[in-house]
Amino acid sequence: AQSVTQLGSHVSVSEGALVLLRCNYSSSVPPYLFWYVQYPNQGLQLLLKYTSAATLVKGINGFEAEFKKSETSFHLTKPSAHMSDAAEYFCAVTPTGKLIFGQGTTLQVKP
Amino acid sequence: EAEVAQSPRYKITEKSQAVAFWCDPISGHATLYWYRQILGQGPELLVQFQDESVVDDSQLPKDRFSAERLKGVDSTLKIQPAELGDSAMYLCASSFLWEPEAFFGQGTRLTVV
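Going down the list, the protein sequences come from chains P and Z.
Using our numbering, read the first sequence as starting at 1 and increasing by one per residue.
Using our numbering, read the second sequence as starting at 112 and increasing by one per residue.
Isolated chain P (complex conformation) (with noise of 0.2 Å):
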């Protein structure tokens, strides 16, 4: 069974700081992995994802991801975070298809 853990519900870092988002996988069959940011009322923006390629993945707006297997991680970094940066942010891994989710991890990026 596949499953997700974000370490850290709230994250708060200032203006220009490093963004660093924490996420576990666990999944039995090399996992696809993703990235979603979520504004408030808002559907759910693919950041980036993992499909088995290259392990260092970039995305949209200056993120990336790095796939580590020995650590079963795909942690979300940005090297200066932006006031646009705020939203809240989702791991998510799938075999195929359905997609499980982590609880989210709320960014805060202050002035």
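Derived by calculation from the structure, the hints in this document are not laboratory data.
Any given hint could be a false lead.
What follows is a list of derived Cβ distance ranges for each label pair [stated by the list, open to error]:
#1 Z:Val-224 - P:Thr-51: 34 to 44 Å
#2 P:Asn-41 - Z:Lys-173: 23 to 33 Å
#3 P:Thr-55 - Z:Ser-127: 46 to 56 Å
#4 Z:Asp-174 - P:Ser-3: 19 to 29 Å
#5 P:Leu-20 - Z:Lys-173: 22 to 32 Å
Take a look, some chain Z residues computed to stay more than 12 Å from chain P by CB distance [unchecked claim]:
#6 Ser-138
#7 Pro-172
#8 Val-184
#9 Thr-187
We put the CB at the ideal spot given by N, CA and C, even for glycine.
On the provided structure of chain P, position chain Z as indicated by the hints.
Just chain Z now, kept in the frame of chain P:
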């Protein structure tokens, strides 16, 4: 740019009433999903369609929820009767057949009073 369309965006209904949500996936997407997202949590799958067939409805509360995708294109999710605990965001998503990447609509925010 192609989008998943959902309506309505917001719905307030009284307990024990019936409510329905509509989703139109991206053209050519054979797979359609309905997810429920309770405030403060990640989305959870309610039902998955492949064309007009249900692939997974194991988490759908079948005593009150129903979903259909009659012509394999748009889909309707119905709740009857609505309960207070059904207040949530209902998200529709679609993907190409066997593709893992799903595209989400803007969701329907349901409030049951």
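We went through each hint and held it up to the structure:
no.	hint	in the structure
1	Z:Val-224 - P:Thr-51: 34 to 44 Å	holds, 43 Å
2	P:Asn-41 - Z:Lys-173: 23 to 33 Å	holds, 28 Å
3	P:Thr-55 - Z:Ser-127: 46 to 56 Å	holds, 52 Å
4	Z:Asp-174 - P:Ser-3: 19 to 29 Å	holds, 27 Å
5	P:Leu-20 - Z:Lys-173: 22 to 32 Å	violated, 41 Å
6	Ser-138	holds, 18 Å
7	Pro-172	holds, 17 Å
8	Val-184	holds, 19 Å
9	Thr-187	holds, 18 Å
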